[in-house]
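Residue numbers (the numbering used here), protein chains in the order written: chain L, 73 to 240; chain A, 396 to 664; chain F, 3 to 797.
No wet-lab data here; the hints were simulated from the structure. Just so you know, these numbers come straight off a predicted model, no measurement behind them. In this text, a Cβ means the ideal position worked out from N, Cα and C, and glycines have one as well.
Reference listing, derived: stretches of chain L covered by chain F, where coverage requires no fewer than 3 residues with Cβ under 8 Å from a Cβ of chain F:
{"#": "1", "segment": "107-115"}
{"#": "2", "segment": "151-158"}
{"#": "3", "segment": "169-175"}
{"#": "4", "segment": "208-216"}
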Amino acid sequence: MPTTITLSVNGRPVTRTVESRTLLVQLLREHLGLTGTHVGCDTCQCGACVVHLNGRSVKSCAVLAVQADGAEVATIEGLAAADGTLHPMQEAFRKHHGLQCGFCTPGMVMSAIDLVRRHPTPTERQVRTELEGNLCRCTGYHNIVRAVLSGAETMRGAGDPGAAAAAD
Amino acid sequence: MYAFEYHRPTSLDEAVSLMVNAEDGALLAGGQTLIPTLKQRLAQPSDVIDLAAVPGLTGITQDGNELIVGAMTTHAEVAASDLVRATIPALAELAGQVGDAQVRNRGTLGGSIANNDPAADYPAALVALGAVIKTNRRTVAADDFFTGMFETVLDTEEVVVSVRFPKPQRAAYCKFPNPASRYAIVGVFVARNGPTVRVAVTGAGQSVFRLPELEARLAARFSPDALANVMVAADGLNDDLHASADYRAHLITVMAKRAVAAASGSPAD
Amino acid sequence: MATVNGIGAAVTRREDQRFLTGRGTYTDDINRPGQAYAVFVRSPHAHARVAAIDTAAAEAAPGVIAVLTGRELAADGIGGLPCGWQVHSKDGTPMIEPAHPPLALDTVHHVGDQVAVVIAETREAARDAAELVEVDWDELPAVVDATAALAEDAATVHEAAPGNICFDWHLGDAVAVDAAFAQAAHVTRLELVNTRLVPNAIEPRAAIGEYDVATGEHTLYTSSQNPHVIRLLMGAFVLKIPEHKLRVVAPDVGGGFGSKIFHYAEEAVVTWAARRIGRPVKWTADRSESFLTDAHGRDHVTEAALALDADGRFLGLKVSTVANMGAYLSTFAPSIPTYLYATLLAGQYRTPAIYAEVKAVFTNTAPVDAYRGAGRPEACYVVERLVETAARELGIDRAEIRRRNFIPASEMPYATPVALEYDCGDFAANLDRALPQADYDGFAARAAESARRGRLRGIGFATYIEACGIAPSNVAGALGARAGLYESAEVRFHPTGSVSVFTGSHSHGQGHETTFAQIVADRFGLALDQIDIVHGDTARVPFGMGTYGSRSLAVGGSALVKAMDKVEAKAKKIAAHMLEAAESDIEVKAGQFTVVGTDKSLGIAEIAGSAYVPHRFPLDELEPGLDEQAFYDPKNFTYPNGCHVCEVEIDPDTGVVTLVAFTVADDFGRVINPLVVEGQVHGGLVQGIGQALLEHCHYDPTTGQLLTGAYTDYAMPRASDVPSFRVDWHEDVPCTHNPLGVKGCGEAGTIGAAAAVMNAVIDALASRGIRHLDMPATPHRVWQALRDAAVRPAA
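If we strip away everything but chain L, and leave its shape as in the complex, we get (with noise of 0.2 Å):
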């Protein structure tokens, strides 16, 4: 049955109709054009779907749509300033080439980002650990995990402003 929905998404107020089974990942990439979050597999365990809600990590080919209604999501497409400067992690990601592909790394930051905040300041093997829920192929994580180091320094000296715009 279709249903309205209303909720913030990279802290833009959005209505939308959409069906009961529409994942909240369908939502963003078809509804909303928010192309970044990406799906690649089907028993939510790749983590490239990866987005904020209400401040904390979740996949988002694991939440229907109709459940974000009235929350706050934030996405990769919202993390950067407005004036293009990249969010910290971001910015490790580039500098650490944390990246190859691309295909994962929008929920690879947007994990990394939720990991910091519970993980101020990570061991190596916790970055490792608490990146279980995100596959890379490209990379073998060597730079991701110095990127997240990196920019969980970076983002402790700025007085961890990423979060603060993940999450609001």
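With chain L fixed as given, assemble chains A and F onto it according to the hints.
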């Protein structure tokens, strides 16, 4: 996904009556199992009843020597809770090992135990800790709650409200994850309370089970050494692509020893 | 010396800005006006006759536009999917090529084989209707294991291939090998399984077909590594559309690893269906479909023997391999277990006599084709497992046995007994760099420390070589390739001095938009933002053979250099004219054209301006414009090589293998961008490590069902499964025959890693009497091996 009717009730009574009236209703908690199942078209409920807006189902409180965890409390909340970490740290540790970070941000205690996946982590904790499950209709001891693979005593119109965990003197959970799914191939939760020791195993059988022989040995002496030379029978254990029944039987002893070591602060081997 | 953005500079990637902000454009991100959605009806059986298909209920379902089957396809004269490489058997007969219709007509040959397509207004409507297509299946016996398929009573996959044999091929000198074994002091034998893998690029395949009725032009958007190859194969053989009426676009592609080289049925079906229904048709694979239908990799069973003299010198190598081709011949499948495998069996060693035979076998499984490394990891695994086993059997240090047998740098170029000529390489130098970094000397102490904790520690090597920069067309043609393997490039200076480069190479993670721009920046002294690298669109790029076989830089980059040579030559003529000097007096340096010994000089931008506004231009001698195209056909393969050292620790109680350290010393020739190269190595390593420790594509031997068809059962490497790596290389031995001196680095990590990991695992287990273990060394398998060894009576 097949089409279904979605409901978001705002009271427990409304949720129950929606279930009663649905042709084939499904309760939606964190959705981390239900939604993937729907996506694969492995289930076709007529109605999906989301418990997110039902008040009184979340939160962690202390009641004397017991912790009460609301059914809709997420794994991440349990893992990060100062109260849980101070009272039953093994429970926080276990919650921090369920699925991955994103699953833990959505998945809930109530959803996990109501689903009773044979490889889920929480059932081991509930059984080993002697937890009591409160539903909208009754309270059930964990020993009686889990009845088989993906089966519990819950009736269709029954909703888990909370779980009451007695604080153990010592407890630990040791998990051997499936390298692909990261569910437990074997997970052993050991809890000691005075003279009583309970050992609960998940991942290895159709549903969580206890090991009386190990419990007796550990009651006599709560040390990994007490489990030296203990061989768990492989009969009836799960046997699949990832682990044979023999391997699982072996891992149960290894994980039990490690859990006892972690709980007692002594080395495992 | 590296300039700030030129060759050798660790420039951060330009493509990252769009990927990091969610502005990449992958095929599924594209939506065409009026598009409909395709969902395929696939076989649930490994082998079955299609007795009947009833599409009536599906056609009547809401939102359905069309339901098409092999019948409509045949009626429209659509051809089968072609194979691009023909191998001949020992007896000279050509390989068997079974028909491979894009929609199976009367028989399906593997689970997931497609029989119909439902096209509807939405994807969910198409999916709902696909369930209503009723197929009457007559199940047939199936076989999934390649050795089982050779059994006398095995099920027949294709009537056209008796005994399920596609070809029975060989390479090398059997007589010389027999003679070597006759005089050997020692023979080391191994039976090895090289596991079947699923490539698993994180972007699932996707395709959108479109037809413009006004112009008669077809467009296919597809997640491909080589759009021109798809245009050629699909246009010429399947849909019979001439190239000028078929445009293929491969936009941002989310990883390929070989699996997106090939022409797949879905590409042809959506393009054909779009014309039929008069609307764009879009298909995106579910991961489950990817598992079932992407071409898989590896899947060899091999018996190998190495003959040695008393000093551990290699005398001869004999290899017999059964290679699983799957149910159909994928685009380049026949070349993988033959010319990309057996030709690498010399490895880095001076083995004088080598003989290899390969039986390629059909089974009721997904087709097998190139997957990162493609044949070369399989060869490296055979050779390096044998070498370490021989060293252990003879009591020779594993580094030492390699040193004794390396082809010395002084003997380059070196013709191997298996058809290749290595142009250069200093293998001992790699080992010399790797050993101290891996602290090989300190290993014994570390192993003792592990033992005190009840752990088993092992160290293992792989000294690999690969043939990359695929490939000299005349050689490839002689070996059965049905295409040339050159590359094209066009360098177009615009009037104000900015540059568009059109390359037939395709980037799906490799960073061409940065590294190719660095080459141009270096040559002409430009800033990177003055240069665009255009790839992935047959309407924009003149021609191309695409990206695979670590060929982009060695072949595509060389084509780029050739095109730049032409631009520079023309620019020099223009400069001579404008500066009123003899062409021979013009000195060119980084895009600056100067009359020798004067301060008269012009920059390339001014020359480009003059070329497009030819007021002061030698119009009698030259055409206006500054836009040159070149094709480059390599003279030889390139031979990246290196040394991997892996250290593991095993928990004997659980069988868990922990990677403690991984050290790599490579020779890729000249390096354009160290940041990118290091990333390529890391990724390659983890794909090799994944094979060694985690990944295993497993079909049920009786039913032919895919048992590892999801990430819940197919163990992909995660961040927590691997350590950080020590990666090093030297640039002392550049490739001798291409203008950049580059060798390629995309596959190197994968080629060496699996062998190095397994050698380390066996080293750790050797003290327990374990001589060999097949991949993947999962905890269960390691524990089982330890348990079996414990109860086995001592030999």
